[in-house]
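Protein sequences appear in the order of chains A and B. The first sequence begins at 1 in our numbering and counts up one residue at a time. The second sequence begins at 1 in our numbering and counts up one residue at a time.
Since the hints were derived computationally from the structure, they do not count as laboratory data. Mixed in with the good hints there might be a few duds.
Said to hold, decoys possible - Only pairs whose alpha carbons sit at most 27 angstroms apart, straight line, appear in this in silico DSSO-like list of lysine-lysine: (1) B:Lys85 <-> A:Lys439; (2) A:Lys665 <-> A:Lys799; (3) A:Lys76 <-> B:Lys11; (4) A:Lys439 <-> B:Lys74; (5) A:Lys439 <-> B:Lys42; (6) A:Lys550 <-> A:Lys516; (7) A:Lys106 <-> A:Lys154.
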Amino acid sequence: MDTRLDGIDDRRGGGDRGRNRGNNKRRRDDDDDGQHYRPGPGDDRRGPQRRRRDNPPPPRRYEEPAVAAVRRRLVKIASSTKLPEDEVIEIAEYIRDHYDEEDAQKEFFDVLVGVVVEQPLKIPFVAAVIFYANQINADITVEAMKRVGDRLQKALKAGQWKEFKLLLRFFACLQPVFEDDGIFTFLGQLFDTVVDLQSANENDVVGIELVKIILLTIPYALASGGRRFHEKARELLDSTGIVAGNTLPMEAYIHPYDSESEEKVIGYHSVIGLLQQQLTAEAQSGWELSCIPKFDVDAVRKKNPEGTLPEAPATYPFPTFTIPSPVNPGPKPLFPEAYFSLFADQEFGTVPRTTEIASSIIRDAIVDTIELLDYNRDEVAKLLVDLDCYWSLHTFAKRGIPFDKFRESVGDKVMYKSEDMVIDAIFSMLFKLPTPEHKLVYFHCLITQCCKVAPAAIAPSLGRAIRTIYKSIHVMDLELTYRFLDWFSHHLSNFEFRWRWAEWVEDLQLSNLHPKKAFIIAALDKEIRLSFAKRIRSTLPEDMHPLIPKRLDEDNSPDFKYENPETPYATEGQTLLVQLRKKASHDDIQQTIDQIHDQAAERGITDVLVPSTDAFVTAICRLGAKSLSHVLSCIERGKERLLNIAQTSESARRQIVASVIEYWKDQPGVAVRIIDILLNYTVLAPITVVQWVFEDYVGAGGALAESWVFEVVFNTVAKVSNRNRQIVSARIQQGLPPEQVEMVEGTLNRDRRGAREMFGYIEDTVRGIAGGANDRLIENETNGELSAEESRLIRAWGKRWLTVFIRKAAVEESVVGEESVEAKLRLLAAQADAEPEAMQLQEANGVAKAENGDEDML
Amino acid sequence: MPRNTIDRLDKPSTYAMSKKRRRNRNRDDEQQRDQTPEFDDKLKESTTLYVGNLSFYTTEEQIHELFSKCGEIKRLVMGLDRFQKTPCGFCFVEYYTHQDALDCMKYIGGTKLDERVIRTDLDEGFEEGRQYGRGRSGGQVRDEYRDEFDPGRGGFGRAYADEYD
Chain A
1 MDTRLDGIDD
11 RRGGGDRGRN
21 RGNNKRRRDD
31 DDDGQHYRPG
41 PGDDRRGPQR
51 RRRDNPPPPR
61 RYEEPAVAAV
71 RRRLVKIASS
81 TKLPEDEVIE
91 IAEYIRDHYD
101 EEDAQKEFFD
111 VLVGVVVEQP
121 LKIPFVAAVI
131 FYANQINADI
141 TVEAMKRVGD
151 RLQKALKAGQ
161 WKEFKLLLRF
171 FACLQPVFED
181 DGIFTFLGQL
191 FDTVVDLQSA
201 NENDVVGIEL
211 VKIILLTIPY
221 ALASGGRRFH
231 EKARELLDST
241 GIVAGNTLPM
251 EAYIHPYDSE
261 SEEKVIGYHS
271 VIGLLQQQLT
281 AEAQSGWELS
291 CIPKFDVDAV
301 RKKNPEGTLP
311 EAPATYPFPT
321 FTIPSPVNPG
331 PKPLFPEAYF
341 SLFADQEFGT
351 VPRTTEIASS
361 IIRDAIVDTI
371 ELLDYNRDEV
381 AKLLVDLDCY
391 WSLHTFAKRG
401 IPFDKFRESV
411 GDKVMYKSED
421 MVIDAIFSML
431 FKLPTPEHKL
441 VYFHCLITQC
451 CKVAPAAIAP
461 SLGRAIRTIY
471 KSIHVMDLEL
481 TYRFLDWFSH
491 HLSNFEFRWR
501 WAEWVEDLQL
511 SNLHPKKAFI
521 IAALDKEIRL
531 SFAKRIRSTL
541 PEDMHPLIPK
551 RLDEDNSPDF
561 KYENPETPYA
571 TEGQTLLVQL
581 RKKASHDDIQ
591 QTIDQIHDQA
601 AERGITDVLV
611 PSTDAFVTAI
621 CRLGAKSLSH
631 VLSCIERGKE
641 RLLNIAQTSE
651 SARRQIVASV
661 IEYWKDQPGV
671 AVRIIDILLN
681 YTVLAPITVV
691 QWVFEDYVGA
701 GGALAESWVF
711 EVVFNTVAKV
721 SNRNRQIVSA
731 RIQQGLPPEQ
741 VEMVEGTLNR
751 DRRGAREMFG
761 YIEDTVRGIA
771 GGANDRLIEN
781 ETNGELSAEE
791 SRLIRAWGKR
801 WLTVFIRKAA
811 VEESVVGEES
821 VEAKLRLLAA
831 QADAEPEAMQ
841 LQEANGVAKA
851 ENGDEDML
Chain B
1 MPRNTIDRLD
11 KPSTYAMSKK
21 RRRNRNRDDE
31 QQRDQTPEFD
41 DKLKESTTLY
51 VGNLSFYTTE
61 EQIHELFSKC
71 GEIKRLVMGL
81 DRFQKTPCGF
91 CFVEYYTHQD
101 ALDCMKYIGG
111 TKLDERVIRT
121 DLDEGFEEGR
131 QYGRGRSGGQ
141 VRDEYRDEFD
151 PGRGGFGRAY
161 ADEYD
């Protein structure tokens, strides 16, 4: 075990570590012996502003009750200026002294488990409390292991993998108190399960998840257990190698960058593949595991030299856990994971390289912290800004060292820049494929919050991240580009739309088909949606002003094309608008529409419904231009006619989409919303929208560069996918009556087929563009309308679209496909057999909700 | 479920809770506090948020653009001046699910829209009439007596309007 840490001053002391010189605020002066709340003369270290934003201390002249003290101390562990080892021992002594207070004891264990499953950065520290407690009152350790173990067993049974991993980590940190091989025996059993899963299904993802957990547990077990277990770890690593090195078919779809491109920011690494390599390397260099905080086993003894302690602390057999068979894959669909980093492969190493184990260990803890505490972004931001507190001394350089001074200041030591690691981790979550763990807006607000907590330290890192992404945006996965766009515009809207656009001005010369130019155009549109045109223009350098047309400045509604007498059917169009405004009768409106039909027939138009639909929908848009509520009520009133149109003719159906888009061409955001409303009213079918996009709008493929086109298709596909998932969860229920089974399955089969057709259609079309086989594309190439460069860009867009929608299709297949649904039903049946009592109870209550399947397991 | 290790941002505000307490107090004459759980239950399943501190100029489209980041919006009701029928700086956003409403509390409450920090609060559900300001001059009460100038919310408080004119 490592020796005591020295150089505390450097660690959390008075130094300016980037919290914008607010560090003195954080300095904890509570000596944790109860004196903290006593008033005292000369106790001015605290200062008037002390930790105002943290839990305020109770009023003075008031002894903090033990129940509150144990919570505060455990929750705030390691975040003070104290030496971790001293703090940890003090907490152990404190609970020993208050162990006979029932409520304090209960609170202690509740909070202990809470910290383990909610604040992963603190696990080594709370585990150390329990480790030292074993030497002063072994009852505490026994009870802690029981409490954490119970929760672990539940998590294992329910397939709550993240929670399982963290609870297991707690045990790994206690490795020295276990007899024999301790945790390694259990890790071996887990691996046997992986082998079973893999031999049953070579594309199994639960096994992958388990291997990840095993690999992430090993370093913690070795950091605490020491040299004695090196051989065990090696053996385990030898066996995980095959699984970790295996590539699943799904992995082909989750590359954040085009792997063939030289300009990618990072190549593809699977998380477990990387872990395996890093651990193997670490094994060769003697398991230094330098970033994990370590504690001196003899620290308590050194503190009590009189020998009042028992000779040898108690040791225990590792608790027995049951691994259920079949393994419950858990409530969330599992996918292989890619390791993403913006900074890892950059020249100046501010974050661990992908070869270093620290990259995986620290990333894992940051990511879990962010995921678990999504209910309080303020606290997450504080934890992240204090990241260096939770790792061993010298893992990180001082906070907030500017990038250009970083190398010079760190010298040849291996030290990381905590701000870069935080930003890197958040972006890895924002860019997680196939699906992020939380709504993307969580990551948006978390970044905003970090910028607020430590602007001087975080903002420059963020700026470098943005530039790094922008530089390679043309080879990034298109869905990720879209996520970046959405984040970027939202982020700027929280910071007065400040961005140094000037540095991108030279890209304005590029063709609108170029991904960089397309990004700039799209970003401005998104900014305007959250603000207004004039305001956004005022934030731009003059060179960019032409990108925001002057006509957007006026608060007027877009022009109504029928006001121009040149427009065919101008009179009728205007009449329709008046009639709609006056809520004219169905017959009156029909009369006008019939007039259009007559004229159209005279003009030799085959489907007369197309021009009349155009006039009708455009009039609705015009009348509803004032606000979304207005257009909603207009649609509501015209709903019957719209439904009729949609049922009568395919081209008229598509004309509905066309008219909306045409009317709102300068503000595609509004058009996208209206399309969404029409989909909800089932006036439009998803396939209609998609067909309009590809057949009537995209043409030779240039429109694939327009961000809102992607948005429309993406939203439409998401609607279809969500619905299918809902149907599946309606199916996966205990005790669904047979007639309902039949009904649900009927719906599922039909909608699943619909989704497959839609995906197939999108895939075929964009594949044609990507491969240059699209007729219109070939035509425009031959007649010189498109230059060779433009044609190349269009094909590249096709390729990027193709990647996204092939992935979407594969993901949906893996969640709602027959195979997956059958597997879920089998598991449901197995659970019902295994827990007949729980079933009876459920039936007795008359509750049979879809979620209950998982809850029962808890 | 044991308590979380840190506070949650998706709890009803003290305003919503004090409203509940006021309500309970009024009923105290007739019945015990514990017997009026409807309000609690309503918030537990609430899909609606009250959104405050908007600029009078913020549009439905802007609100949609931001709030749909937390889920599909079922209904958006703009708060209006009782007399002018113009936006007066608040709205109700209704989602399809309670979870979306909670996420909105966590991820959007306290962030900016139209360059103002907005406030979100779980709401018991919109009812006709609640879209109108309850201040004397038709807007929200807070805009009657504000003595600092807020260009996004009609300048100075309306009660002082004469003095400043």
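Cross-check of the supplied hints:
1. Of the pairs offered as hints, the one joining Lys85 of chain B and Lys439 of chain A is violated, with about 35 angstroms between alpha carbons and a cut-off of 27 angstroms exceeded.
2. Among the hinted pairs, Lys665 of chain A with Lys799 of chain A is consistent with the structure: their alpha-carbon atoms are about 26 angstroms apart, no more than 27 angstroms.
3. Taken as a hint, the Lys76 of chain A and Lys11 of chain B pair is honoured in the structure, with Cα atoms around 22 angstroms apart against an allowance of 27 angstroms.
4. Between Lys439 of chain A and Lys74 of chain B the CA atoms are separated by roughly 18 angstroms; this keeps the pair inside 27 angstroms, and the hint holds.
5. Taking the CA atoms of Lys439 of chain A and Lys42 of chain B, the gap is about 24 angstroms. The hint holds against a cut of 27 angstroms.
6. Distance check on the hinted pair: Lys550 of chain A and Lys516 of chain A sit about 23 angstroms apart at the alpha-carbon level, within 27 angstroms; holds.
7. With a CA separation close to 20 angstroms, the supplied pair Lys106 of chain A and Lys154 of chain A stays within the 27 angstroms bound.
Comparing the model with each numbered hint stated earlier shows that hint 1 is the single one that does not hold.
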